[in-house]
Amino acid sequence: MYPFGKGFNRYVPLLLLLIPFLLYVIFYFGPSVLTVIYSFTDVKNIPGSPVNFVGLDNYYDVFFSGNSGERWRSITNTLIFMVVVTVVQNGVALFIAVLINQRLRGDNFYRAVFFMPVVLGVAVVSLIWGMMFDPLSGPVNMLYEWLFGYKDMFFASFTHAFGYIIFVQIWMYMGYSMLIFLSGLQSVPKDLYEAGYIDGTTKWQSFRHITFPLIASSFTVNMLLSIIGAMSTFDIILATTDGRFNTRTMAYDVYKETFRGSLEMGLPSALSVVQFLMILVFVIVAVKQMRKREVEY
Amino acid sequence: MKKSKSFTILSYSVIFVLLILYIAPLILVLNVSLKSYPEYLMNPIGLVKEVQWSNYVDAWTEGNFANYFINSIIYTVAATVLTIIVSVMGAFPVARGYVKWSGFIYLFFLLSQFLPNPMVSQYKLMLSLRESLDIFGYDTKLGYIILKTSGTGVVFMLFVGYIKSISRDLDEAAGMDGSGYVRYLFQMIMPLMKPVIATGVILTAIGIWNDFVGPIMYLPSKVNYPITFGLKEFKGQYGNNWPLLACGITLVAAPLMVLYSFIQKYLVDGALAGAVKS
Chain U
53 MYPFGKGFNR YVPLLLLLIP FLLYVIFYFG PSVLTVIYSF TDVKNIPGSP VNFVGLDNYY
113 DVFFSGNSGE RWRSITNTLI FMVVVTVVQN GVALFIAVLI NQRLRGDNFY RAVFFMPVVL
173 GVAVVSLIWG MMFDPLSGPV NMLYEWLFGY KDMFFASFTH AFGYIIFVQI WMYMGYSMLI
233 FLSGLQSVPK DLYEAGYIDG TTKWQSFRHI TFPLIASSFT VNMLLSIIGA MSTFDIILAT
293 TDGRFNTRTM AYDVYKETFR GSLEMGLPSA LSVVQFLMIL VFVIVAVKQM RKREVEY
Chain W
358 MKKSKSFTIL SYSVIFVLLI LYIAPLILVL NVSLKSYPEY LMNPIGLVKE VQWSNYVDAW
418 TEGNFANYFI NSIIYTVAAT VLTIIVSVMG AFPVARGYVK WSGFIYLFFL LSQFLPNPMV
478 SQYKLMLSLR ESLDIFGYDT KLGYIILKTS GTGVVFMLFV GYIKSISRDL DEAAGMDGSG
538 YVRYLFQMIM PLMKPVIATG VILTAIGIWN DFVGPIMYLP SKVNYPITFG LKEFKGQYGN
598 NWPLLACGIT LVAAPLMVLY SFIQKYLVDG ALAGAVKS
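As they're listed, the protein sequences go chains U and W. The first sequence runs 53 to 349 under my numbering. The second sequence runs 358 to 635 under my numbering.
By construction, these hints were calculated from the structure, which means they are not laboratory data.
Calculated lysine-lysine pairs in the DSSO-like style (CA-CA distance at most 27 Å, straight line):
(1) Lys-498/W - Lys-96/U
(2) Lys-242/U - Lys-362/W
(3) Lys-579/W - Lys-308/U
(4) Lys-457/W - Lys-521/W
(5) Lys-521/W - Lys-622/W
(6) Lys-551/W - Lys-521/W
(7) Lys-498/W - Lys-579/W
(8) Lys-362/W - Lys-255/U
(9) Lys-589/W - Lys-498/W
(10) Lys-622/W - Lys-242/U
(11) Lys-498/W - Lys-308/U
(12) Lys-589/W - Lys-308/U
Using the sequences plus the hints, can you model the full thing?
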């Protein structure tokens with residue numbers, strides 16, 4: 053079973069394993085569990101202050117406290133963000149993946165270009181789009197004026213800023229979804245299409261009845277990644293509008309309440325738990341729906 | 358199968374439009390970065406007339422980028438190396454079952470992907486670490502590196518999967534020859550894991566280098582800023598001076614672009630492995 057004798061006792065692997073284990077427990081698992089516990093207390097970010105159990109008060113405050121109007125706004129924003137990002141990002145990614153998969157010339161180059169924003173990172177990507185979307189001198193406004201005859205404020209517009217953030221998020225991560233679809237598509241056996249061709253299927257029919265069922269597992273992975281990603285992402289919001297102009301989401305609120313608001317930590321904890329439960333519900337529903345469509349071959 | 362010509366043309370045109378959407382912003386940034394501020398104001402999108410290389414020098418010195426680069430390199434290298442070592446130490450005994458309850462430990466680590474957001478109490482923890490240890494925790498380089506070192510997550514899963522494909526006979530042979538566990542792990546197993554370690558290094562390093570929120574939360578002192586935060590500050594300082602800001606963007610993005618063009622193939626494989634197995 054354990055082949056290392058001769059002077060080294062069998063506790064060495066255990067000792068080494070203890071290091072990652074402790075790191076994980078102290079910095080991630082512990083804080084995660086503590087967040088849930090904190091959500092039922094009035095813990096403050098002041099060392100040594102007393103901590104009392106307050107039941108569901110924090111949860112009540114999440115939804116019905118003084119600025120609850122803004123909170124509902126964040127919750128609706130979060131849902132809009134998640135639905136639009138998941139649908140559009142995966143839709144575009146699947147379409148592009150199908151196009152690239154028909155052995156276009158230069159397909160590796162396209163893959164590399166579309167994946168690039170992930171490598172550049174949020175700081176760079178948000179500044180690049182800040183420049184493109186500059187209300188005074190940005191090229192997009194010149195295009196708008198030429199096309200539609202009006203200018204926009206982009207990240208400083210109360211009605212449109214959130215839409216542009218959604219666009220930047222999709223622009224940034226579309227390539228990631230596309231890659232996952234591409235790898236799914238490449239595993240679909242070619243002879244199935246030939247069989248379909250002999251039977252006289254149209255392009256759409258062969259996609260609907262051959263491709264789609266066979267890449268359903270890539271679909272599941274992509275759905276999971278974009279739901280979890282969209283529900284918990286806020287770095288793009290932080291980097292572009294910093295939550296102004298109606299662009300707050302729940303994840304952004306957790307950050308804001310923890311680091312810049314009051315010293316109360318119960319409320320942001322409760323908000324994190326609510327956010328977590330929402331992610332859980334959407335993920336479970338999505339996986340159940342997708343699993344039904346997966347087939348083996 | 359027969360390919361219809363019109364469909365192929367349509368595909369190329371759709372991809373061409375999308376390529377423009379991805380490449381045009383980069384070209385624009387490069388173009389603007391070479392303009393003088395007056396020229397930019399007169400003609401923001403036209404092709405540059407007089408190339409101003411001095412913009413880059415100005416941005417580099419005024420943005421304090423040299424220091425931020427060094428900080429970013431310290432965080433990325435240290436945390437990536439530690440993550441890899443720690444992940445190997447964890448993944449090997451778990452993959453082999455050399456410790457009790459390996460299956461359970463694996464699941465426990467796997468849980469890291471599905472836990473509630475730890476941000477709030479992580480912050481409190483880092484603050485109290487700083488309070489009690491002073492050189493460690495909130496606003497210290499060391500504290501940030503340890504926080505960014507995780508022996509769990511995607512890299513751990515990748516390693517466990519890969520180690521399972523390394524023959525057990527090798528363990529026994531090494532044991533017979535009297536090799537110790539630690540030596541075996543680092544001199545035999547790690548070299549065998551080269552491909553998967555390369556993937557792990559790339560994924561971890563890009564994640565740490567590009568982290569935008571972490572530094573804002575945990576590194577408020579100027580001496581500790583990494584490049585992402587430095588760029589944010591630079592934007593705050595220079596507002597809408599886009600030629601100078603464009604230089605900043607280019608300075609931060611260029612090394613990543615160069616690196617990306619070399620490791621692109623591995624990165625793509627790595628991103629897929631991480632996505633599909635987690």
